[in-house]
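A.B. asks: Listed below, chain by chain, are the residues.
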Amino acid sequence: MSAPILDVKGLEAWYGPARALRGVDFEVEDGGVTAVLGANGAGKTTILRALSGLIRRSGDIRFRGRPIGALATEDVARLGVAHVPDGRGTFTDLTVEENLRLGAYVRSDRQGVREDFDRVFGFFPRLKERRRQQAGTLSGGEQQMLAIARALLMRPHLLMLDEPSFGLAPLVVAEIFRVLGEINRNEGVSLLIVEQNASLALDLADRAVLIETGRVALSGPSQAIRADDAVRRAYLGY
Amino acid sequence: MGEFLHQLASGVALGGVYAIMALALVMIYQATQLINFAQGEMAMFSTYFAWKLIDLGEPYWLAFFATVLVSFIGGVVIERLIVRPFANAPVLASVIVFIGLSLIFNALAGWLYGYSVQSFDSPFTGKPWFGAGYMSAHESGSIVVTLAVLALVYAFFRFTPLGLAMRAAAQNPVSSRLVGVRVGWMLAIGWGLAAAIGSIAGMMAAPIVYLDPNMMGGVLLYAFAGAVLGGIDNPFGAAVGGFAVGVLGNLIGAYLVGDEVKLSVALAIIIAVLVWRPSGLFGRRLVARV
Amino acid sequence: MADAENALSLLVTLAVAVIALAFPFVASGYHIYQGAQVLIFAIAMLGLNLLTGFNGQISLGHGAFFAIGCYGAAILMTKFGLPYWAAIPAASAVCFVAGFLFGFPALRFGGLYLALATFALAVAAPQILSYTGFDAITGGSQGITLAKPQAPIGLKLTSDQWLYLVCLASGAALYWAARNLARGRIGRALIAIRDQPIAAETMGVNAALYKTTCFGVSALYAGVAGGLSAIAVGFVSPESFGLSLSLAFLVGIVVGGLASLGGVLFGALFIEFVPNIADQLSVNFGESAKALPGAIYGALLILVMAAMPTGVAGGARAATNAVMRWLASSRPIEVANDGGADVAAKYEGKGESP
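Note that the protein sequences, when read in sequence, are chains A, B and C. Numbered per the numbering used here, the first sequence spans residues 5 to 242. Numbered per the numbering used here, the second sequence spans residues 94 to 383. Numbered per the numbering used here, the third sequence spans residues 1054 to 1407.
Relax, there's no trap hidden among the hints.
Here are some chain B residues the structure puts well away from chain C; computed CB gaps all over 10 Å:
| hint | residue |
| --- | --- |
| 1 | Gly95 |
| 2 | Lys145 |
| 3 | Ile147 |
| 4 | Gly150 |
| 5 | Phe217 |
| 6 | Lys220 |
In silico EDC-like links for lysine to aspartate or glutamate, alpha-carbon gap of 20 Å or less:
| hint | chain 1 | residue 1 | chain 2 | residue 2 |
| --- | --- | --- | --- | --- |
| 7 | A | Lys13 | A | Glu33 |
| 8 | B | Lys355 | C | Asp1188 |
| 9 | B | Lys145 | C | Glu1340 |
| 10 | B | Lys355 | C | Glu1292 |
| 11 | C | Lys1343 | B | Asp305 |
Since the hints were made in silico from the structure, they are not lab data. Positions of the beta carbon are idealized from the N, C-alpha and C atoms, including for glycine.
In isolation and in its complexed conformation, chain A is listed as follows:
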């Protein structure tokens, strides 16, 4: 088996003086999907923020074998880690197209960018219809699509998503997860998904990590996590 694309050992993170993560270990296989599960306030979002360098963190973080634990957010992004943040991070005053152009901001291959525009418009035709519209006027689902499309325009190796299903109608969630699966299978983009909807995330993921109060409570292949009695009762509800 090849080396993991993301290898995290002993990740700690702080909000000011308050420690929010207390030594988290997990990995994302190259071309794989890892789901991060847990209750509200357990530290799921914090993991993504720490990986992107948005908050103070320490620990051994390796992306494609390279330590990134000391890099600034911009540099993590430039290495090919796309982070779709909670709240979707829409540039509300810019147009849909400008939002997408920002995704391709650091790229210089004009031809490739043009193709990627077509590709994401293929995934989300609604964005193409609204490309001249102010992004703040989009619905929640459309903004989530825009956020994923923007991330894809970065041509990432790893796509990190923070609660992509949050606040969306089931049909929209299904569409988004279908696209995520397609991106992972057809294009080999690895995914790290933080989700509260455990069942949904486990369907897509090959590995899962369960976070409780800033620590890993359980981790392993999705099948095993799904079969765990405690997980079933607490997160899957059956």
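Dock chains B and C against the given chain A, drawing on the hints supplied.
C.D. replies: Just chains B and C now, kept in the frame of chain A:
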């Protein structure tokens, strides 16, 4: 009627200077929600730099573009060295730092170039390009220059990737960083651009108001009035507001209160806008902050 | 430890009081005049510091309120024949009203708008004062000359000594008032509005009213100072009230320490003597020495903000606290909360959002 048109025309010419100065203020406001009280003195200092180059025998337009470039670099350096350390400080601290900067530039200019008033030649001589009889050659040239600056700035922010990234960084710094935009540099470039635009305002104002270390006090005040009138968060509004206060100031000064209290007109405009329409003509509605 | 610190601060206050009282009887006439100037500046800065230090609002135009006090007193004395002890309070009351009315529209939208509006006021003030339409009252660009008041008959004091003592008495009374204001319920409300605006509002503090009143009171202090300045100088003219006066006040409170009422005395000494020294230097070094005060002011504003946001008084207090802690290291430490401008970022252990 001729006198009225004359006042109107010179109001438009001054208004152009106020407009680009207001634009410089708004650029920094949009990125940091701060008003750069040192903008005027920075522009004054740049203008002295141009004056020195011309005095040394350089041709006007060489001095002009060299000044714009040096001002840009100066703005970037000031942001990185002096403004950046206060990024997370309260508004009060930033305002005090800006006041400190303006005092330093004022003192530097006085120390280097003296306090006596100097004349500053206009590159536009002979017949005005338009409005002959109502405006001077410099006024017509200044209108063209300020309009060109506005058009260039618009094109930069609207059509270039860097301009887009700067708008994005001002609006949503976290998301910008997540797509790889170096937000810190965007702020520094913003300061550089504001300083460069301010230097043009200074060079266009100097033939009218003459050159001395306090020359930009009135210009900055009118730029504030223009920015507040147009909406402090809206570049288009600031430009329109700048022209509007230029014309208003001239007409009210000439026909109602007398030129010697022209500065009070700007004060009155600021107060009136705050009382009746605090968001300005084109700004986003302000919520009374507690 | 708190007792020891109180005792120390009482000691310092007493020492300052003794020196200030003895000063006019040992110094020469011109120095007494300068001493009065220092006290006048200190009074204006007390007001500005109530506003800026305690309430977090910034005024770049207190020179204009100083001017209103100055002109108000001069006009009441020369045109209406009021004695100075009636003219100055009356002019100060006008300043309170002017400050209240001016602050009202500007303060609704946060400190930046107040800074902007007061900046405009400071820049425009000299023009308004010299406006020819007001010549009959203000004397236009000529200004107004008035007779310096003499000491009451029976007191063997020169006019300068008497004026100094009037300034000292006013300053002491206003310091006492500001101190009580700052330490009481109102002071706590002002600080709450500065540091936790939303929480303060939620707890029923009428922020807008407090801020506007605070601005009015602060303008009143500037007005008293202006009125005293009119009689101390014996002459008022528009050129004395430009932006540079307003900025000098700001420099004074920053150097003396934001939210430090005692520090204004240091700040006042500073802005009185730095330009004086520069003037003396310009005799030797020519015109370029005129740039010195501005350069020093500007550099200090930035450096103080960077290094010591609580100013000289804050630095001294921190040093005192350190000594006290060391002396009392065997006893548990109490932190005296005196509402210093603690601008350090406050972190809160933020929970994770979903």
